[in-house]
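Make the complex out of the two chains shown on their own, each in a separate frame, by following the hints.
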Amino acid sequence: MITKLIKEAKKNNIELEVLTNLYDVTSIEVLNGKLKKFDINRDKAYSLKALYNKRKISLKYSDISDIPTIINRIKSFGDIIDNDNVDSLCENDYQAEEKKRVEPDYKQIKVDLINLCKYKEQYKDIVNIYFGLNLSNSSTVIDNENHHLQDSTTMIDLYSSISMSKNGVVKTKYLEYYDKEFNVGKLKKKVEKAIKDLELEFSATSINTAKHRVLLTNNVVNDLLYTMSDMFYSKQIYMKVSLLKDKVGKKVFSDKVTILEEPVNDKFVVNKHFDREGTLTYNKIIVDKGVFKLPLNNLEYAYKCGDKPTGNSGLLNNLHLECGKCSFDELLEKLDNGIIIDSIQGLHAGINHVTGDISLQAEGKLVKDGKVVKALNMILLSTNIIELLNNVIEVGSDLEEFGIASSSPSMLVDNITISGSEE
Amino acid sequence: MKKEIKEEILNNLLSTGADFAEVYEEKETSKNYVYLDSKLDNIDYCESEGVGLRIAKDDEIFYASSSSRDKDDILSLADSLKSNVNGKVIYNDVKLNKEERFTQEVNNNGYDEKKIKSYLQRLDKRIRKLDKRISQVGLRLIVTDKLINVVNHTGINKTEERHSTLMYVNAIFKDGDKSSNSSFSFGECKGLELLDKNIDKEIETMLKYGLDKLYAGNCVGKEMPVILGPGFGAVIFHEACGHAMEAEAIATNASVLCGKIGEKIASDKVTIIDDGTIDGLWGTTQIDDEGNSTQRNVLIKDGVLVNYLNDELNNRKLNMGLTGSSRRENYKYAPVSRMNNTYLQPMDDTIEDMIKSIDFGLYAIELGGGQVDPETGDFNFSCKTAYMVRDGKIAECVKGASLIGNTLSILNNVEMVSDDLKYDVGFCGASSGSVPVTTGEPTIKVSKILVGGEDSDN
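Those protein sequences? They're chains A and B, same order as listed. Position one of the first sequence corresponds to residue 1 (this note's numbering), numbered consecutively onward. Position one of the second sequence corresponds to residue 1001 (this note's numbering), numbered consecutively onward.
Extracted from the complex, chain B is given alone in its bound form (with noise of 0.2 Å):
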């Protein structure tokens, strides 16, 4: 839409007495590869736009949307919102800022669908030769070009480019009636040279871990100290506290982490930085989704916390300054505080200490999914690779162990943490919709995580 519309846009939103009004424009398109049974299945192609309209009173807030960009059609969207607003005109003719453009160079290195299907077909063959037990592989490739602007009633006016490209590599490994599956992923914000990564060692990896759960025992519930891989593990620091650090749960008090600024609430070992400024990490934007720029935002030093993630409207309640955290999926969605990409920060003890000071726990070596109630801190996680840990040892590999706990307990319970700081790709829902998040981590060490698995003795 043209600079004048979007004034106007913006005029007839404010037209009732709303004190804070935002247009957003986003169109998007993507490609999902779709490798299947030796064969390049799909490619699911999806071209969406649409308009999110934004308006604010006090503390109430009025959202619309719509995947029509006719002038028409978007006025009579804006009468609806701010048929909710009553008051005295605060803010009229508004002009707009010159566009601010942040541009993202691409390269594809001379990947076409050819060059793509040919590199897929390569995989899929390289995979199944690894081992007999290898049944099913399936690869996912998904190339995403997005564009956004943002205006708003302070005349900020600013379009992101923004590229990412993300590989899913899985495989179903089948013995007699035993199965279990291993997979992989790697994903940044940045063109099809992203393919030629090299990851020989993740595919080493699945292999190796794919056939040891392929023949895992059931895991012991009950409580115990916990090492957690690298990388994803940092699942548990993005549920278990990031989500209690955005500013929609703590400026409606729905935080464990409400009023503890200052405080002491994790061990000293434990340092926990947003950063949505790193290049090229898959949760990296040069401004969040309402124009502000993104920064290192740091949240626990040394086990204190130190910061929230912030936005502009809860900000209104917060008063804390912003920092550049303001998320949604698409134009359907308002934006709220959320996270980019959240690591751990790495000190230096060896993974082999930890595993000698365990006489009876749990190597989580890869984490699934997780989730937290930020209200309570409680969270749970599933484990997709782990094996027990025995007189110091590691031991067997196990298959259904999961990990339940509170927020504040095991921030205080990180007893170790390495130097092997990774970082893995994920989507993270919320209600602002799922965006992608990195989560980074080195391997550490918990004191005591309560651990699910259906055996009860050890």
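Bound conformation, chain A alone (with noise of 0.2 Å):
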């Protein structure tokens, strides 16, 4: 169907490109020892990209059969649209190694996973322990008229929150993590981890604003560096939006930050080969000390910036911070008094895109002398991003992976406003 999609758009002028992304997504969820959901998604979507009359027009289908009047459609979009196309099409190929997939035994992952949730009667205070797993095998695939590009990932996403109540306060730990297969020691470590860190919580206060020394934990720097990730693109800078627009070549941040993106980098969970667009992807360093040295580009800003395609069209993968020698052991010592900030909430709405303001809810500890003190909550990070990554005085070695886009490890800054109000 797709060639003969192809073909007919090329009888009518029309330079057609067509994505096929195939996921197969199998969901269990489990709530305090029993079964909460089980799910399975099997999905098909074709995206396609058409040139014509020097526009560049996009349409996604869950079904291509209907040839004329996606053709007709194509061309009637070409007539209005305004873009100035400077385009094309993929020139590459690829084909992924065969993989042989393996199975997982979902009855055994089920039992795992309700077995973990025995956490619940050795913790009088819990009052839910909740799991779910998402094991998801998806394939793309490029098609034009001469190239043909085929990639399939596999992976696992885990996510957990359990919550606790004591005197009618209840306090909620979510974690989050993906991985190559289900290893239920890795989770359980997480999960002894969350129920201590949780019922230090209970003792948590809040304190008045003021400037500290912050370690941000992984976690939260990941969440901050895909935030803002945008501020990379050549898009957000052309269209004169991103936080460093003029700034290539320039020094941004702190010589302790070095951004890269390793999308085939073996280390990491999920390797993407190519983009949307079927740009082949590689290792590269974005920020190199503190210096803005790549802008993430798709082909049509590339061109339009007079760069390279970076094989970011609708694709991040392995964005990370170059890891620093010191452990987080390490860094809480040279941390010495401040306050250790370990979860955020909020960030579709607490992080101005066009300023870099960030003001987000937070908790964390408060540390003297090194050792913690007291659990902190009713806190929020209020700084900007800029500020935030030129104020880094070291950058830790505990990366860790929370999702295919981005990864991070741990960093400290200093000065950074922590707002409150001590009761």
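Think of the hints as simulated: they come from the structure by calculation, not from any bench. Since this is a predicted model, take the numbers as computed values, not measurements. For each residue, glycine too, the CB sits at the ideal point set by N, CA and C. Warning: the hint list may mix true and false statements.
Unchecked claim - Residues on chain B that point at chain A, a partial pick, calculated with CB under 7 Å:
#1 Ser1066
#2 Asn1181
#3 Arg1390
Unchecked claim - Footprint (simulated), chain B over chain A, 3 or more residues, beta carbon under 8 Å:
#4 68 to 77
#5 352 to 366
Here it is as structure tokens:
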């Protein structure tokens, strides 16, 4: 059907590329020792990139059998939109190595997750203990008249929430991470740490607004880096809405900050070998010792900005801060007197992408003489992303993967406002 | 799919002892007109269709979805689902009722692609002319048509047409190194007639706030009285207590409002209603995604919690009656109880009196988004546009302000409620995906909220 559509399009003076995404996701959710939900999602979607009448037209279908209607739609859109297309179709080929898919033992995973809920019996204050797991197999295929690319990925996404209640006060801890396969031992360790942290949170208080030396844990740095990653894109720079416009080649952050994207480094859970336009990906340095070296591109903005495409059309894969040499404990020692921020919420609304201002609800711990003395809640991380990344003292070595797009180590930062109101 | 095929799928799903079975079918087309840099940059067109199958046995729920509508593919999916259930057959030979169809009259006022483009061109020019400091204008028009059909083991067979139009207007302001953005949106379950709406006031307000924010200072971070502006200000109730009233959280004892029906949980000034029936509003539908009629649900009455938002499967545990609140983004998601159009009932306090009553506080005139943990009740929101209030007067515009607190404390701290009820549109994300919702609120004064900001003194 794809070949027929491409041929038919050509007859109508349309250059067409079809990206086919196939997903097969199985999800298991367990709450308090009982299966809560079992989900299977099998989906196929076709994204069409059409070049017609010097315009680029994007369409998405779940069914491409009605070829005449699709062709007519492309033509009618091509006659009315104004984009000055500078795009071209993919000129690469790629065929991923055939990997034998090992079907996980869902029944055993269900049993393992149900067994993990037994922490509820051990810790009487636990109200709810919940685990969710997605086993995803996806494949991406790109076809145009002359080229064909195919890649596939398999991964596990694990998420959990544990809530405890003491004297009518409820506290919840959330976990989420990605992995190549399900490892109950790894999850168990994370759950035990979460329970320990949760118990400490019942003594948590706020503090009055002041500037502090702050240790941001790896999950927090990851959240901030991923949320603000739009500033690295050529499109944002070209449109003059990036915080880093006119900054290529200039020092923008502390020299402790080196930011890389490594889509083809196989130490990560998922490697994406080409982007949504079929540009082959490669490992790259975006910020080198604080200097903004390389904006991320798709084909259109690579051309508009006179750069080479970087394989980042609709794709960010394994973006991370380069690790330093200090373990988390060594960062804690360097923090000496300050605050650990280990949770931030409200990222979709608490960050202004135009100004870089950050105002996020946070939780953490007060540290004196390198030791945790009490938990903190009802506090806000109030800063600006540029200020934050200029005040970096040290980057840790504890890189952890939190998603396909990005991962991060912890980071020690100076002179950051933590807002709050002590009772 | 034909009725007979759906009956066959339902009977197949029920053949291993499930006590609930449902087939949901959906077709959706959307056009997203992107007008950027004074050009119609693109029309992102999306056409999707698919099927969702759901079965339940006691407390366990099994869901499967596929973009294929081929009978064999769907029966294979049904086999994967029913293999999880093993028990005596409860329902067999399900026969569906005659299809009940809910239609929506749409008036496009003659807007075809050319006229839409011309509208966007005029609006872009009009905004750019307002001030030299406007450096970029972005417009997005999203037109969606959806057709859903839901059938289940009780014979329900209902179809609804859903049409909606949504417009986003965003302007970026620059002056030297300073920058700000200001935006507004309007959307309804209507056709393109929405584009004929008079938006003079919205444009004027966008300009004022954008310029004020361009020169805004830092917000002072501390606990203080806060006035919340009308409309999207209600997101604070949507997040802070709406989610905590959804059956998904209540039935699993994962809400701060569990077991509090009949209890006074808010000040007398608080009456909160979720109404999925208000004509044209962004969150309105005639039936929910389980095929039950939407309705007006009073959730909090004069400060007393009176109801939760309920769906079929959670109602098994709660047994409180259905509220027509079961929603899902699309066929890929199993539906759960969600909000539609949630608003705080207006009262008669005046904004002038609210401002006069504050020595030092914040006027959060426009809120951005936020989130809440329904289990703990802790919430956070960002302020899109905010001014300090000093000595009973509106003072300087401030940036980077956010509000954090706990559901129960904020509900009790609502001191004043005005009569300027306004509805705003938004999308709400939860376990059944992102669904269109309206938040409505008059201006209110809350006696204290922790405000986050960079400055520590006042």
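Let me make sure I understand: some of the numbered hints might not hold for this structure. Which ones are they, in numerical order? Of the numbered hints given earlier, the structure breaks just one, which is hint 3.
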